[in-house]
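Read off the chains here:
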Amino acid sequence: MPAQVIVRDLRKAYGATRAVDGINLEVARGTIFGLLGPNGAGKTTTVECIIGLREPDEGYIEVCGIDVRREPREMKQRIGVALQATALQEAITPREAIELLGAFYRQREDTADLLRRFDLRAKADARFATLSGGEKQRLALALAFVNRPELVVLDEPTAGLDTQARRELRAEIRKMQSEGCTVLLTTHDLAEAEELCDQVAIIDHGRILARGEPGSLLGEMSRTQVVILATDRVIDVAGWPARCGITDIAIEGTRAMFHTTDATTALGELAVVLRGQGIRLISLTVDQPSLEDAFLQLTRRTDRAGAGEGRR
Amino acid sequence: MNGLRRHLAATVRLHARNTMALAYGYLFPLIFLAAFWVLYRYESVPLLRHMGELLTVSVLGGACFGLPTTLVSERERGVWRRYRLTPVPTWTVVVSTAVARYVIVLSAGLLQLAVALAVGMTAPAHPLGLWAAFTLVAFAFIGLGLVIAALADTVPAVQALGQCIFLPMLIIGGVAVRLESLPEWAQHLSAFFPGRYAVEALQSCVNGGGLGAVRFPLLALAVIGGAGILAGGKLFRWDGQQRFLASGGKAWLIAVLAAWAAIGFSAETRGRVITKPASPPPADAAVTPPPPVVASTPPPPVVAKPPEPPWMTITDKDVAALDFRMPPDHGVVSPIAPIDEEPDEFVRDQVEGVRTKLLAWPPASEPDEVQCVRNLLYVCAVPDAIQMPVERYLPRVVLQHLTDSYPKEKLIKLLTWIVLHPEEGRVIDDISDLGIPGGAGDPMLVRERVYIYATKFIERLSGRKPE
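Quick mapping for you: the protein sequence lines, in order, are chains A and B.
Heads up: the first sequence begins at 2 in the numbering used here, then just goes up one per residue.
Heads up: the second sequence begins at 21 in the numbering used here, then just goes up one per residue.
Isolated chain B, as found in the complex:
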């Protein structure tokens, strides 16, 4: 144990003396954080919805690049060969190296979290759960890093292998690109990578249901990490002259691949691969039609004047105080097509379909007027969240429907209420009944887009933004 402790402490200390390793280990995650902050600058709570992705990227970088690069470069230089002259067991070196790397990535994650909190992110909903999830994520990726170190004979080989795992995981593995935005084949593929489980587990502890809501991802990370650590230890090589192809124990690679495959197939059989949004409540349950008026029935006695809806308290001052610094209409986030821009034929059919169906769309007849307006805003927000081609054209359809349904002053008040209370009300994140397939799968994202579109509509209705 003394050897393990000493080696653990020495590894962390030597890491702290390596300028390049420090820059890569701490600066790289912060650059990612800054990029996400800028990219999603219009979200009401900065970075809250992206901490899962950001922390996963940090661990991935430290474990899949930093760890094997250090291990292989030291092996190439003969450091491990010197260690082998001592009675130190392989497991002491492997475990202390893995724990040291955990300490390193944990410190990078804490730094990332601190910076996120400093720029306005709210505190994670389940801090202890987040630590536990982070530990499991690190466990999984450190196992992967050990396997890469065993496979690669040289440092350039580490870079090549690392990229082969890192980039697919970022792009189609659900780490940097949201699963809902990926085609189905990519979502199926991502089920076999640990990246998506890492993001799910971490994000659930930041602003979701905590560890209890992500049992399968946690299991996946534990299985993948266990197989990786075991294989990484068994395949550990002391001597730089010993090549992977010439060394024994290659069957342990099968254990690693089997773990990944088992998790992927298990996810498939459980039907948890394709990310679909929660279905909106049934139309008949969501809508409470007004009671029929029967002529022969005497009018009910007036007991008391019904309370004034809260949105009526909105004043011009409230409207003027709104922050109208919204993303540009021609941008990626919440776009609105110019009034004279014509969509192509396919999109035009979709737009016209929505326009027609809106007239009979139950959520558009909701008795609660605030919820009704909010429901209509979801018709803009959901395609925007999924980034569908039709997203640019639907806001005008919705705005037209709203102005046809409500007087302008009332509508401004309703919209202002929604802007000032972005977390209220029910979320609809699937409008396939309007002929727009797919779902956003992320209620927070949809709420954000509702907030933006409501503000943009107020700008137009109040004459702040001329057409």
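With the rest of the complex left out, here is chain A:
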């Protein structure tokens, strides 16, 4: 499948800070590609370079077969973008905004159709300043689709939406994909990435740490659990069971945290150890790892492998 987005050795620095440090990626036509990463990881800068909002220091970007740095306006004819926060004139209405921004493109969707698709008919003639956060987000998405784009770039598209709206948006994205459109989105929601994306890339410190199908890449992480416990005395680490997939043990005074792939077995064995040491359990929490935990795991993994993607 030909690539709809090609990024080669992309670099962007702000002063001494390297926001993007040699990123390479390809997004195949007709797929949904998720770019995951914590705040400050470099995903927004990467996306802004791709959509022509920022001039990279180095690197090559091709979107829909067009060299972005040479023909940015032609590239913009072919893509739609919804940023995390979209600002418009306070007095403009959704209907006017769609008609105004649509006039900048060679081809455009019907205004009434977009208002219907994004459930904005009731607010079509309300001023932008009076719209709720969710309505503004829906308008931003409607504007992203105004030119029947080949590629849609969505920055945290479901942030601020309620459950129903999220479900509808995900359905809309899948519908677009079925019509042959390519989607590049950023998210920090693992479940969303897993549900929507054909391919994901995890980015941190301006580099891609891992990429692949979400099932294989995130599935392992989502099976991991985090256990946090507090005791009445300091635990002797030497007595901990080195089984049950327990990793990443961290002890701080009478508090301890570790990861495990089998919490039930690990806690049973841990109870035996604690009883043997005469230590009383005060509190216990078992949870899914946060995305940050997953990134930490990935970072360590790539460090160990010594050959992570995008590393020099």
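One or more of the hints may lead you astray.
Unchecked claim - List time: in silico SDA-like cross-link candidates among lysine to any residue, alpha-carbon distance up to 25 Å:
{"hint": "1", "chain 1": "A", "residue 1": "LYS137", "chain 2": "B", "residue 2": "GLU96"}
{"hint": "2", "chain 1": "A", "residue 1": "LYS124", "chain 2": "A", "residue 2": "GLN85"}
{"hint": "3", "chain 1": "B", "residue 1": "LYS254", "chain 2": "A", "residue 2": "ARG70"}
{"hint": "4", "chain 1": "B", "residue 1": "LYS254", "chain 2": "A", "residue 2": "ARG55"}
{"hint": "5", "chain 1": "A", "residue 1": "LYS137", "chain 2": "B", "residue 2": "SER93"}
{"hint": "6", "chain 1": "B", "residue 1": "LYS270", "chain 2": "B", "residue 2": "SER93"}
Since the hints were derived computationally from the structure, they do not count as laboratory data.
Please read all numbers here as calculations on a predicted model, not as lab measurements.
Starting from the structure of chain A, add chain B where the hints point.
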């Protein structure tokens, strides 16, 4: 073109929905108009002589404050950043924004003109020329507004920068204070500001010679506007996080400054910076002395009785019908010092100099008696127009000279004729040959003051106003 049209229409429509922008764009020019109307309420044709200034102030406010405030606030809020995600070219945004602002200031100017006509101003002498001049003025100031928007990172910075340009232009740039009233250094400085050219171009189309009489000001506005629009477009920033000092293209500022400097120096080299009044006609040409009487020559045969001068038809009824509601003697307009007020030494010397020189002043011996009286009234009117310290004391000198030269009844008739025919006769707006330097530079203004002083003299001579 569709994008340009849509954005132009949207900009005008959104402006109409902004209450603050409407108040600033339309109310502010009307407040200025009301202030000028009150300030110059004694002028025979209300506001006619000030439409150039009033329209310039309207355009200045809309273009140098309204335009950059809107542009920068939208940039700060991220509106332009959203636009940048579309393929719209920078020039589409800049041109449509500039044209929309032109429509806005044009509507404010038309409103101002309509109100001026409603309060009694006569129609502009060159309406099409006025529209063309207004367009060029708007072009120049919108260019300036775009540059301010490019320079300012925030809305408060727009206000600060705007004031730095607006106030000097009003005060020493020939917009709100007449150039003739300014010291020479300020007149030199004003040659580098577009304000004076805007006033000259507009005023010429309201009650002057039209566009043909203001070619240089029109050229100045075109050059300044062209440089501003070009630099404003090149320096246009989409992103509020992008600071001016960190952005490129600053050399375009030099283009703007170069345009202003080129116009200023060009005005200097053409000698059109210092506003001087038209010189009065040479004394020997203005005065036609009566033919010498030769004793040996037989008296010429009486062919017919010479026609009666028209001023002799003035009756007491005409005098009584005059409007004597004149500015107070102690005010700024046409003052007359109390009879017992003594000027300081310098002014006293000037007053006495005038008193002496009047006796041999050729315009005071003009055979046409109406013109002769009018010439003497100019001796009061010119210093009043320039607002010289001596202005308060000269009316009594002139009145004394008049009463010494004419019988009271005749003088009242002559003065009444002048009041009833304020636009007749020749204007003298420079009396430096009487030891009073400077010139009014504005024949209309001098005529107005003649009208007021003539009325005040009639009041005194007819006993309506006791000393």
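Verification of the hints:
For the suggested pair LYS137 (chain A) and GLU96 (chain B), the alpha carbons sit about 18 Å apart, so the restraint of at most 25 Å is met. Proximity of LYS124 (chain A) to GLN85 (chain A) is assessed by CA-CA distance (about 20 Å); at most 25 Å being required, the pair is judged to hold. Proximity of LYS254 (chain B) to ARG70 (chain A) is assessed by CA-CA distance (about 19 Å); at most 25 Å being required, the pair is judged to hold. For a cut-off of 25 Å, the pair hint linking LYS254 (chain B) to ARG55 (chain A) stands: about 18 Å separates their Cα positions.
At most 25 Å may separate the alpha-carbon atoms for a hinted pair to count; LYS137 (chain A) and SER93 (chain B) meet this at roughly 19 Å. Restraint check: the Cα-Cα separation between LYS270 (chain B) and SER93 (chain B) comes to about 21 Å, which is no more than 25 Å; the hinted pair holds.
The structure fails none of the hints (numbered hints given earlier).
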